[in-house]
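A.B. asks: This note's numbering applies: residue 1106 is where the sequence shown begins, and numbers increase by one.
Simulated from the structure, these hints should not be mistaken for laboratory data.
Don't take every hint at face value.
[Claimed, not checked] Cβ pair distances, simulated, as ranges:
#, residue 1, residue 2, range
1, Ala1152, Asp1115, 24 to 32 Å
2, Gly1155, Gly1132, 19 to 27 Å
3, Gln1114, Arg1135, 18 to 26 Å
Even glycine gets a Cβ: it sits at the ideal position worked out from N, Cα and C.
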Amino acid sequence: MSQVEYIEQDAVITANDYISQENVPWGLARISHRTTGATAYVYDESAGEGTCSYIIDTGIYVNHTVCPFYPSSSPCFHPPPSHPPKAQH
């Protein structure tokens, strides 16, 4: 055994196939890179399958022309404020 330098403990190893989508909006590129200035969105082949996401936001501007719908399928965990939020999107 003098020729064996190191014995590694058994472990589960997985290989991911990463997909790169080029020329995406800055916000999408930013969430997949640690540094600023990226223009590609890189994600693994599962594309988030099996994940559960929670979105915390300061408010939704329900009259926005780009997204003309009111998200009513999500539960409300806090009573609505007596005044609309100032940072509407």
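A.B. asks: Going back to the hint list, which numbers does this structure go against?
C.D. replies: 3
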